[in-house]
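The listed protein sequences correspond, in order, to chains L and C. Going from the first sequence to the numbering used here is simple: count from 1 and add 412. Going from the second sequence to the numbering used here is simple: count from 1 and add 452.
For the record, the hints were derived by calculation from the structure and aren't laboratory data. Treat the hints with care, since some could be wrong.
What the hints assert, rightly or not - Pairs of lysine to any residue residues, derived as SDA-like cross-links and limited to a Cα-Cα distance of at most 25 Å, are as follows: (1) Lys590/C / Glu494/L; (2) Lys431/L / Gly462/C; (3) Lys508/L / Gln457/C; (4) Lys443/L / Ser459/C; (5) Lys776/C / Trp745/C; (6) Lys628/C / Gln936/C; (7) Lys508/L / Gly486/L; (8) Lys434/L / Leu817/C; (9) Lys431/L / Arg489/C; (10) Lys431/L / Lys590/C; (11) Lys443/L / Asn840/C; (12) Lys501/L / Arg595/C; (13) Lys434/L / Glu494/C; (14) Lys473/L / Gly462/C; (15) Lys431/L / Met820/C; (16) Lys427/L / Gly501/C.
Just so we're clear, the structure is a prediction, and the values are computed from it rather than from any experiment.
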Amino acid sequence: MSVTLTQAAANHVQKYIAKRGKGIGIRLGVKTTGCSGLAYKLEYADDSLPEDMVFESYGTKVMIDPKSFAVLDGTELDFQREGLNEGFKFNNPREKARCGCGESFTV
Amino acid sequence: MAFLQISEPGESPEPHTRRLAVGIDLGTTNSIVATIRNAVPECLPDSQGHTMLPSAVQYAEGGDVIVGEEALKHRGDDALNTITSVKRFMGRSVADLRGDTEARYNFTTPNGDGKGSLKIVTRHGAMSPIEVSADILKTLKARAEESLGGELYGAVITVPAYFDDAQRQATKDAAKLAGLNVLRLLNEPTAAAVAYGLDQHAEGTFLIYDLGGGTFDVSILRLSRGVFEVLATMGDTNLGGDDFDAALAKHAFDTWALTRALSPAGQANLLAASRAAKEALTNADVATIRVDWGCGFDSKVDVTREKFVELTQPFVDRTMSAVKRTLRDAKLKADEINGVVLVGGATRTPSVRAALEAHFGKPPLATMNPDEVVALGAAIQADQLAGNKSGEGESHLLLDVIPLSLGLETMGGLVEKIIPRNSTIPVAKAQEFTTFKDGQTAMALHVVQGERELVSDCRSLARFELRGIPPMVAGSARIRVTFQVDADGLLSVSATETTSNVRAEVTVKPSYGLGDGEIASMLQSAFASANTDMQARALAEARVDASALVTALSNALVVDRALLTDTEHAALNSQIAHLKSLAEGSDHRAIVRASEALNQASTEFAGRRMDRAVREALTGRDIEKIV
Chain L
413 MSVTLTQAAA NHVQKYIAKR GKGIGIRLGV KTTGCSGLAY KLEYADDSLP EDMVFESYGT
473 KVMIDPKSFA VLDGTELDFQ REGLNEGFKF NNPREKARCG CGESFTV
Chain C
453 MAFLQISEPG ESPEPHTRRL AVGIDLGTTN SIVATIRNAV PECLPDSQGH TMLPSAVQYA
513 EGGDVIVGEE ALKHRGDDAL NTITSVKRFM GRSVADLRGD TEARYNFTTP NGDGKGSLKI
573 VTRHGAMSPI EVSADILKTL KARAEESLGG ELYGAVITVP AYFDDAQRQA TKDAAKLAGL
633 NVLRLLNEPT AAAVAYGLDQ HAEGTFLIYD LGGGTFDVSI LRLSRGVFEV LATMGDTNLG
693 GDDFDAALAK HAFDTWALTR ALSPAGQANL LAASRAAKEA LTNADVATIR VDWGCGFDSK
753 VDVTREKFVE LTQPFVDRTM SAVKRTLRDA KLKADEINGV VLVGGATRTP SVRAALEAHF
813 GKPPLATMNP DEVVALGAAI QADQLAGNKS GEGESHLLLD VIPLSLGLET MGGLVEKIIP
873 RNSTIPVAKA QEFTTFKDGQ TAMALHVVQG ERELVSDCRS LARFELRGIP PMVAGSARIR
933 VTFQVDADGL LSVSATETTS NVRAEVTVKP SYGLGDGEIA SMLQSAFASA NTDMQARALA
993 EARVDASALV TALSNALVVD RALLTDTEHA ALNSQIAHLK SLAEGSDHRA IVRASEALNQ
1053 ASTEFAGRRM DRAVREALTG RDIEKIV
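Go ahead and model the full structure; you've got the sequences and the hints to work with.
Written out as C-alpha cells, the structure is:
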C-alpha cells in the first residue's frame, strides 16, 4: 500500500524544488470540488505533519494526509510531455471517471 | 488532457480556475516569453530548447512569414525583406530616422508623402513596425499556448522605461493585432526588479542598468516591503549592443580598406561576424572577424580585447553619463545605491561591468541570466494580474514614473508643463487656462511631451479643440485642463470651460500609432483571409466528393447499362456532365447542390442495382446455405 513517483516525476520535482529554493518534498491530496466531485492537489511541502503518511520514491519525499490516502492509495505520479506541453499526471487505479479536462474526477 | 503543475502549499487552484498568463520581453534583438510553472517563473523554450527568439521577421517568397532564427539566416541574402531590430522603428516617423545609419530598409508612409507613421516596404507590401512586431508576438503566443496546453488569458509586455507615448501605444497595438490581451505594459527595469525582488527578498535602493541590443535604460528603484518605486529613469532608444557590432564592423571595414560600399547582404554578413567576435571577446583576449564574401574571396582581422574596449568606449561612456544624470535626478550619491542590477545581453561585456564597478565601488549583481530577467519579472507580474496569486495580489503594487514631462502649448510657442517628468503613475493633474481675446469662443489645445521650453523642441502628441466657449472678455473664461496618465503610461487630456461646462477631450492616440479604424481594418483583413481560406477548403472538399460520385456512377452506368431505359441513361449522363463542369468552377455551393441532385437522381438506379445483386446472389442457392 503506497503512493509512488515515476523516475521522471521525481527528477522534475527535485529540479523545481531546487529552482524554488526550498521544500522537503511534495504533498499530494484530494479535495472535494470540481465538476466531477474530486480534484487532485499537488503542492510543494515545506514540512511534514504528525498525521502525514510519508513515502519516498527515487529520493523524493511524498506527504499525504490519511483522509486523502484512502482515495490515493496505489496512485503513481508521472511526468509527461506532449510536444511543448509538459506536466504531472496522476495514475490512480481507484479513479472511475474524470471530467474532460482531467482536472477533477470521481472514485 | 491538461497536465497538473505543483502549487505553493495551500494554493492549489480550484479546477478550471487557473488562468494562463505570460510575460513577454519584446526585445530589439531577441524576444522571450516566460510564465509561472510549478510555482516558479521560467522561460518557455521552443522545440529546440531555445528560449530566445531572435526578433527577426522574413517576409518570404510564396507569402510565408518566417520568424526567429530561420528569418535571421536570410538577413544576408534577403536583407530588404528580413526585418531586424524593428523595435527601433516602433512609434517612429520617417522624420525621426534622419541620420540613422541603421535604417537599411526601404521606408514609406501611408500616403507616400513622408508624413505619418513609418512603413517598411517588403515583398508582402508595406509593413508597419506594429505589424512586424505582431508577427513576433504571434510566434511567442503560439509557443506559449502549445507549452501551456490552453488559450492565454493575458500577457504583460515590457517596454523600455524611456519609451514615449507613441512607442507604448504602438506596442499595445502590436499585441492587440497578435490577438493578445495586454494585462499591462511594464517598464523593463521594473520587471527586472520584480524578478530580483521576489527571488532574493531584497530591500534597498537599486540601479538597473539595461544594455540590450538596441536600447539603453538606466533606472533607480527603491524596494521596500515588496513595493517597487521608480525614483528616476533615463535612457537612450538608440544605443545598445548593436552599436558595439557596428563599431567592430566599421573597424574591420576600415582595416580592410574596402573601396566600395557593401551590398545589404555583405553588410549583414559583416555585422554577424562582428557580433560573433564581440561575444567571443567576453571570455577570450583575441577574436577574429572573418567574412566570406563568396567567390573564394574572404577577409579577416584579429581584434584584441583592448582594441574592442577602445572602439566601444564612447558608447560605454555615454551609458555612464546617463547613470550619473539619473543619480542626480534621484538626488542620490553612488554610495547610496545598494546594488546595481544587470539586464540585457550586452552587460556581459567586461568593460561595462568594470566601468560600473569603478563608479559604485562594488561589482554589479548578475546572479540571474541578464537576457531572461525581464521576461521572468513580467511573468510574475502577469500571474498576479491574472489573479492566480490569491491573497498577496495587492502587495506588489508597482509604482512607475512617466519618462518625459507632459504639457500644453501656450502663447508664443512655449510649453506649460502639466505633469513633470518622473511623476509616479497613475496620475491626474489639472491646471486652469483662460482666453486671450475678447469674445473668443474656441481654444486649440496642443499636447506635447518633452523637457524643452519651446514647443518646436518637444514631441507633439495630439491636438484638439474646445469649442462653444461663451463669448466673454479676454481672461475671464476659466478653462480647466486635466491630464491623466493610466497605469500603462497612456495619456488622456480633457478641457472644460467651468462656467458653462463645455467640454472636450482627447485620448492620446499618437500620430505614429495606429488608429482604432486601422487596427479594425487589419483585424478585418485577417478575418477576410480566414474566410477565403475556409472557402478554398470547402471548394476542395466539394470537388473531391463530386469527383468520387462521378467516378462511381460512371462505372456503374457501364456495368449495369441494362437496368436503365435510354431516357434514364441519357438523363443521368447529362447530370454527370453538368456536375463535372461545375466542379471546374469555384462555386463550392453549386457543386454540393449538383452532387446532392445527382445522388437523388441515381437513387432509383442504385436500388435496382441492389435488387439485382441480391437476386444474383440468391439465385439457385439453397435457402439453408444462405441462412
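Right, here's what the structure says about each hint:
no. : hint                : in the structure
1   : Lys590/C / Glu494/L : holds (21 Å)
2   : Lys431/L / Gly462/C : holds (19 Å)
3   : Lys508/L / Gln457/C : holds (22 Å)
4   : Lys443/L / Ser459/C : holds (14 Å)
5   : Lys776/C / Trp745/C : violated (43 Å)
6   : Lys628/C / Gln936/C : holds (23 Å)
7   : Lys508/L / Gly486/L : holds (14 Å)
8   : Lys434/L / Leu817/C : holds (22 Å)
9   : Lys431/L / Arg489/C : holds (11 Å)
10  : Lys431/L / Lys590/C : violated (29 Å)
11  : Lys443/L / Asn840/C : holds (18 Å)
12  : Lys501/L / Arg595/C : holds (22 Å)
13  : Lys434/L / Glu494/C : holds (16 Å)
14  : Lys473/L / Gly462/C : holds (18 Å)
15  : Lys431/L / Met820/C : holds (12 Å)
16  : Lys427/L / Gly501/C : holds (17 Å)
Hints 5 and 10 from the earlier list are contradicted by this structure; the remaining hints agree with it.
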